[in-house]
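*Asks:* Sequence:
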Amino acid sequence: NGKWRGLYAHWGRHHRQAYGDADYAKKANLEAWTALFPRYTVCSYYAAASHQPFNSPPFLHAIAGDTKYLVERGASGHLTLQYPHGYWWNFSFNLAAAAQHAYYYPARGPQEQLQDYANSYFGPAAGAVVADYLARLGGNERLEASYRASRGDAEAEHMTRLRKLHNRLRPAVKRAAGEPVYAYRVSKLTGTMEFLLHLGPIRAKVHAVEAAAKEYEAGTATRAEVEGAIAEARADIVEIQAHADRLEATLPGVMDANWLKGWTLNRTCAEPLNRIEKQLNSAATQPAGKE
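Residue numbers are given in the working numbering: position 66 of the sequence shown equals residue 111, and the series is strictly consecutive.
Some hints could be false.
Stated by the list, open to error - Quick list of in silico lysine-lysine cross-link-like pairs, BS3-like style, CA-CA up to 25 Å:
id	residue 1	residue 2
1	LYS209	LYS233
2	LYS233	LYS219
3	LYS113	LYS71
4	LYS233	LYS259
5	LYS306	LYS233
6	LYS250	LYS306
7	LYS209	LYS250
8	LYS250	LYS323
9	LYS113	LYS72
10	LYS219	LYS209
11	LYS259	LYS209
Unchecked claim - Label-pair distances were calculated between CB atoms; the ranges are:
id	residue 1	residue 2	range
12	PRO151	LYS323	33 to 43 Å
13	ASN185	LEU52	24 to 34 Å
14	LYS323	GLU224	45 to 55 Å
15	GLY264	ARG181	30 to 40 Å
16	GLY298	ARG181	18 to 28 Å
17	ARG153	GLY298	39 to 49 Å
18	ARG84	SER165	33 to 43 Å
19	ASN74	GLN324	30 to 40 Å
20	HIS252	ASN74	27 to 37 Å
21	ALA73	LEU124	18 to 28 Å
22	LYS323	TYR229	37 to 47 Å
23	GLY122	LYS219	38 to 48 Å
24	THR205	ASN74	28 to 38 Å
None of these hints come from the bench; they were simulated from the model.
From the three backbone atoms N, C-alpha and C, an ideal C-beta is built for every residue, glycine too.
Starting from the given sequences, assemble the full structure and let the hints guide the process.
*Replies:* Set out below in structure tokens:
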């Protein structure tokens with residue numbers, strides 16, 4: 046009846062796509078819903094830690110494209126969600142840029158704001174290095190590496206890209222060394238990237254266990270080989286959890302170790318291992334003659 050306000054929200058969007066992009070995955074859905082409501086609000090998940098990379102790349106393309114779409118299409122509201130609480134610092138740039146552009150500075154691009162952010166927050170000595178690092182980290186051609194690593198599904202090419210980016214950040218540590226506040230802030234960037242480099246390939250170990258379990262069922266692998274693969278994967282999970290615990294303790298606001306354990310390590314790593322171990326211990330699934 047023209048009096049209700051609609052709210053469009055896409056949780057889990059990959060931010061190499063902006064709302065106005067021709068290849069935006071939910072474009073037809075967005076167009077259908079916004080056409081129904083003369084007044085509508087868009088809710089953007091720039092900081093949902095369950096679905097966005099832990100190292101918080103600035104979503105330069107998405108924020109610029111989203112702003113253009115919202116302004117040109119006459120959206121009357123824009124909400125940004127931050128979740129969970131433990132990640133408040135990590136997503137500060139995306140939240141600030143997204144909140145300001147559409148209604149306060151619609152003609153200003155997030156790339157310009159990134160320069161100001163890097164120089165003011167990380168200090169003039171380290172600012173240029175940080176700005177270059179963040180711009181590269183958030184570039185559309187590199188975003189997939191951060192997304193995949195945050196899920197523990199990174200492949201060799203993704204890890205290579207992340208290591209190169211981490212190396213580009215190293216000079217900022219030296220440049221900020223004389224200023225305790227700036228040094229602490231830079232350490233948060235390095236801390237999140239170092240954790241991501243640790244987490245990135247973890248599910249490869251889980252996939253190795255799944256492959257070994259299938260080979261065991263086919264009679265081409267031994268029980269001991271499957272158990273060895275499980276033990277190796279579990280050891281890596283323990284190490285990553287310990288890393289998360291240290292990160293939360295030393296750099297508050299960067300990591301919620303308990304949340305990581307429940308959402309990522311238990312759900313996507315430990316549970317598949319538990320299931321395979323249960324199957325392994327079931328007499329019905331053990332091939333005859335295998336020890």
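*Asks:* State for each hint whether it applies.
*Replies:* Evaluated hints:
About 18 Å separates the Cα atoms of LYS209 and LYS233, which keeps this hinted pair within 25 Å; it holds. Using a Cα cut-off of 25 Å, the hinted pair LYS233 and LYS219 holds, with the two alpha carbons roughly 14 Å apart. Between LYS113 and LYS71 the alpha-carbon distance is near 17 Å, which keeps this suggested pair within the 25 Å criterion. Of the supplied pair hints, the one linking LYS233 and LYS259 is violated, its CA atoms being roughly 41 Å apart against a limit of 25 Å.
At roughly 20 Å between alpha-carbon atoms, LYS306 and LYS233 fall within 25 Å of each other, so this suggested pair holds. About 17 Å separates the Cα atoms of LYS250 and LYS306, which keeps this hinted pair within 25 Å; it holds. For the suggested pair LYS209 and LYS250, the alpha carbons sit about 23 Å apart, so the restraint of at most 25 Å is met. As the CA atoms of LYS250 and LYS323 are separated by approximately 18 Å, the hinted pair is consistent with the 25 Å bound.
The hinted pair formed by LYS113 and LYS72 meets the criterion: a straight-line CA distance of about 15 Å does not exceed 25 Å. Pair hint LYS219 plus LYS209 holds up; C-alpha atoms about 17 Å apart against a cutoff of 25 Å. For the hint linking LYS259 to LYS209, the alpha-carbon distance of about 36 Å lies beyond 25 Å, and the restraint is violated. Hint check: PRO151 to LYS323, Cβ distance near 55 Å, so the stated range 33 to 43 Å is violated.
Checking the proposed 24 to 34 Å range against ASN185 and LEU52 shows it holds: the Cβ atoms sit about 27 Å from each other. Judged by the Cβ atoms, the range 45 to 55 Å given for LYS323 and GLU224 holds: they are separated by roughly 54 Å. Separated by about 49 Å at the C-beta atoms, GLY264 and ARG181 break the suggested range of 30 to 40 Å. Against the hinted window of 18 to 28 Å, the Cβ-Cβ separation of GLY298 and ARG181 comes to about 23 Å, which satisfies the hint.
Our hint of 39 to 49 Å for ARG153 and GLY298 is violated, since their Cβ atoms are close to 27 Å apart. Between ARG84 and SER165 the C-beta distance comes to about 36 Å, which sits within the given range of 33 to 43 Å. At about 39 Å, the CB distance of ASN74 to GLN324 agrees with the hint of 30 to 40 Å. For HIS252 and ASN74, the hinted distance range of 27 to 37 Å is satisfied, since their beta carbons lie about 32 Å from each other.
A C-beta distance of roughly 22 Å is found between ALA73 and LEU124, which places it inside the suggested range of 18 to 28 Å. Taking the beta carbon of each, LYS323 and TYR229 are about 45 Å apart, inside 37 to 47 Å as hinted. Separation of GLY122 from LYS219 is about 44 Å and conforms to the stated range, judged on CB atoms against 38 to 48 Å. Judged by the Cβ atoms, the range 28 to 38 Å given for THR205 and ASN74 holds: they are separated by roughly 35 Å.
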